[in-house]
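Trainee: Here are the chains, one letter per residue:
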Amino acid sequence: MGYPLSKIAAVVGGELFGDPEYMVSSLGSLEHANADQLSFLSNPKLSSVLASSEAGAVLLRNESDVDLVRNAIVVRNPYLAFARASELFVVKEQGWEASIHPSAIIHDSVVLGKGVVVAPNVTISAHAKIGDGCIIGAGSFIGENVVLGQQTRLAANVTLYDRVRIGSRCIFHSGVVIGADGFGFAPNAGEWVKIHQLGSVQIGNNVEIGANTTIDCGAIHDTLIGNGVKIDNLVQIAHNVVIGDNSAIAGCVGIAGSSVVGKNCTIAGGAGLAGHITLADNVHITAMSLVTRSLDTPGSYSSGTAIDSTPKWRKSAARLRRIESMAAHISKLEKQVNTLLTKG
Amino acid sequence: MGYPLSKIAAVVGGELFGDPEYMVSSLGSLEHANADQLSFLSNPKLSSVLASSEAGAVLLRNESDVDLVRNAIVVRNPYLAFARASELFVVKEQGWEASIHPSAIIHDSVVLGKGVVVAPNVTISAHAKIGDGCIIGAGSFIGENVVLGQQTRLAANVTLYDRVRIGSRCIFHSGVVIGADGFGFAPNAGEWVKIHQLGSVQIGNNVEIGANTTIDCGAIHDTLIGNGVKIDNLVQIAHNVVIGDNSAIAGCVGIAGSSVVGKNCTIAGGAGLAGHITLADNVHITAMSLVTRSLDTPGSYSSGTAIDSTPKWRKSAARLRRIESMAAHISKLEKQVNTLLTKG
Amino acid sequence: MGYPLSKIAAVVGGELFGDPEYMVSSLGSLEHANADQLSFLSNPKLSSVLASSEAGAVLLRNESDVDLVRNAIVVRNPYLAFARASELFVVKEQGWEASIHPSAIIHDSVVLGKGVVVAPNVTISAHAKIGDGCIIGAGSFIGENVVLGQQTRLAANVTLYDRVRIGSRCIFHSGVVIGADGFGFAPNAGEWVKIHQLGSVQIGNNVEIGANTTIDCGAIHDTLIGNGVKIDNLVQIAHNVVIGDNSAIAGCVGIAGSSVVGKNCTIAGGAGLAGHITLADNVHITAMSLVTRSLDTPGSYSSGTAIDSTPKWRKSAARLRRIESMAAHISKLEKQVNTLLTKG
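Chains as they are written, first to last, in this note's numbering: chain V, 1 to 344; chain F, 1001 to 1344; chain D, 2001 to 2344.
Bound-form chain V, shown alone (with noise of 0.2 Å):
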């Protein structure tokens, strides 16, 4: 497998310099490329690392930079080139040769699409809609009167609940949990009656849910999941939380009930949303932060505290709970200054 360079670069939309016949076999990283690989170089002003690698072409902005490498390709945005001639290389693995396997279950009821791929062990349940060209991945499970758009692909192992909507172009890995119950409850007499979840879940077109990520049902109405979203691993999206086209949520996030996150934010790995609240668009949460309150202007919010020795933060974390002392103490000094000053 490989493409000569100027495939390549027909790809990214690039201006190449050097053989264009130059066969590129696959990807690398500046520091570990060897002669038959591509790599890239996204910030210009570390060009003097090119001079070391052993690429045998690379994605760079600077034209001033071709030089010092054996074949470039000159783009505005090496980064995004990169992603798009990450596509070519791909391995093409051959798939389960049937496109329904056997021992798939598929109800009777079902649609499914031109080209549809079902894996072994699969259960699709009654009035499911399939488009076409989905690939449906070994053991998944699909739920009555789901809905996929086209070419929506389920790696292995993926749970839809019944009635819950996916886009087209979607990429869901293996462990996704859509569609279970809501967390509701409401207290009596020191019990908890189960507020049955009666929505579902609505995903746009080109979403991306990493591996074991749930996103539960509404309560009444839908959850709601925009356009282009991206949501990494292990992250636990709750009932009636709405997510804007274009945000990115990464590892371990979670979203208490019925908040709202807006178009083109970023949560950072671990970050947590309380129930209820709104950010604005282009919010963007830090690592491991906790959102107790609506953000209405975009930028950047943080909490938590910095990484020390710990015995220094064992220190640190027993001051901070005198804290409030601490500002009684400079109150009193104050006051025993100005006195003193007053006098003098």
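None of these hints come from the bench; they were simulated from the model. Just so you know, not all the hints are guaranteed correct.
[As the list claims (entries may be wrong)] Straight-line Cα separation of at most 20 Å, SDA-like style, residue types lysine to any residue; simulated pairs:
| no. | chain 1 | residue 1 | chain 2 | residue 2 |
| --- | --- | --- | --- | --- |
| 1 | V | 263 | V | 245 |
| 2 | D | 2335 | F | 1334 |
| 3 | F | 1092 | V | 126 |
Remember, it's a predicted structure, so these values are computed and weren't measured experimentally.
We have chain V; now place chains F and D onto it with these hints.
Mentor: Leaving out everything else, chains F and D in the frame of chain V:
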């Protein structure tokens, strides 16, 4: 589908004001409900919103509010009444027609109760006992000697390890794993020697467990989950943890080994409990707090810092690392001021 | 089932005090063990508890304690001895009788070693190689070209993506997902362009991975998990992370892309590592700490604040947001006091 208001009033035990024959087709929030829908007002202080709601009927606490809506049912606890009404409106899916799907692999020694439903691609291992009316979702795995009470429901792709015992009327969502090995290793010359986990997991009645939550088996004795416990998605409960009756644990919580949570506790999303600690009954932990010591007194507990803009947070976090120095400066000032005051 | 004490003494390599024929039927904690059970005392300073234990035999460190118990085995490291003894008492389940269950779907090109057990509803894809003595749990999925060493055990419902390579004597618990796409996207005009993840995952020997943990494939090169690494439940390990030999990672930890964890590190529950950082060997991170920078020196590191009652915490957290102002007050006071002292 739908119910006359009189039927709903009977189910929730409330007093009907309006047309007993009024047909309710579904539930809706006050904000979005239409004339076919039933809504509720939990907090009577917010009764001003009733005037603008289109809801066909509303569950209310105060009889004085009935004139503000088309039809009303007055009950002592509208939120609880809404929970009870929600059960009426659960969409009845047809399920897999055969009570035991022929693709399910069920060991000859398994004891199945009356009316058990087993969906496709299920595996039930030797000597398991499945109580009357249980529903086993597609792709689920039940290990050897597992015992399920009556009317317990496993969604698709649930995993129960050998010897796990579960009560009646439980709901386990997809991706739940009960009884995997606890995380126990003895260090030996820079390597880890496995402590084989010989206990199992016992779970009471009326327990609901959210998607992709994990509860490990005990090292020697069993991990214990009380009656009426509600656990959200992506929660980790380690070996030999004990959760008291009717406690509720929100998403992304982690509870380390051998810790004990009392009855009627609540643990909010993303919180963590260290191992070998005990929480008294009625302890409440706020979101993303870390509990590192036993809490003997009922009440609410927290850790962490408030969300702030990242630049401001960065300054505070840097200053916090030097809080010991601040305290030293204050002490020094106090001595100096005392000297000045004494002199003065 | 049971073993005479002499057999256990031989397995753990200790000196027996008491009756060599004494039959031990199972293990128990000092607190709960009965006369049929073996227990252990890890910390000799706590030997006062021995008098009240009913245990039939106890693993001890100090020979001077043997008179406090019915029977004893004296060993240098009782906790390690207990780990070794625990293997004797693992309950042998019968497993699925056929070594390869007929419901498993195994591609013709798969190479199965000697004595491989494949449970029901498993899918094994083309060109996978399964080493001697491996056990593949029900409902598990093995992708194309996956390689498993010898005696590796997958519990039920494990997912291995294409090309993942795993060593010998590993244990992967249910819901584990290895090799899902890393979270890599290039921003372009407000949308995200997928960077296809072309690497895979390599895992060493003697690795144990807890339930519902996810390890993503590398973007270009492979994600690497060393020998003897132990990972608990619900852990997220992102693309191109490297975990050094014999490091242990507790539940709910998240490690962001391209970070490197040294050998013999421990990361406690709920902690997070930012991307592109490096932890030296023998670094220990306490629970729920966030590591945002490389740590070059062995030792223990922490972040976060101590648990407190919520009302007190609320005051401290509010004050902490104004810590910069406190520092300014202190500076002002110092200047004023210096003026007064100079004058004085």
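Trainee: Now tell me if each hint is right for this structure.
Mentor: Each hint, compared with the structure:
1. V:263 with V:245: holds, 5 Å
2. D:2335 with F:1334: Holds, at about 14 Å.
3. F:1092 with V:126: holds, 12 Å
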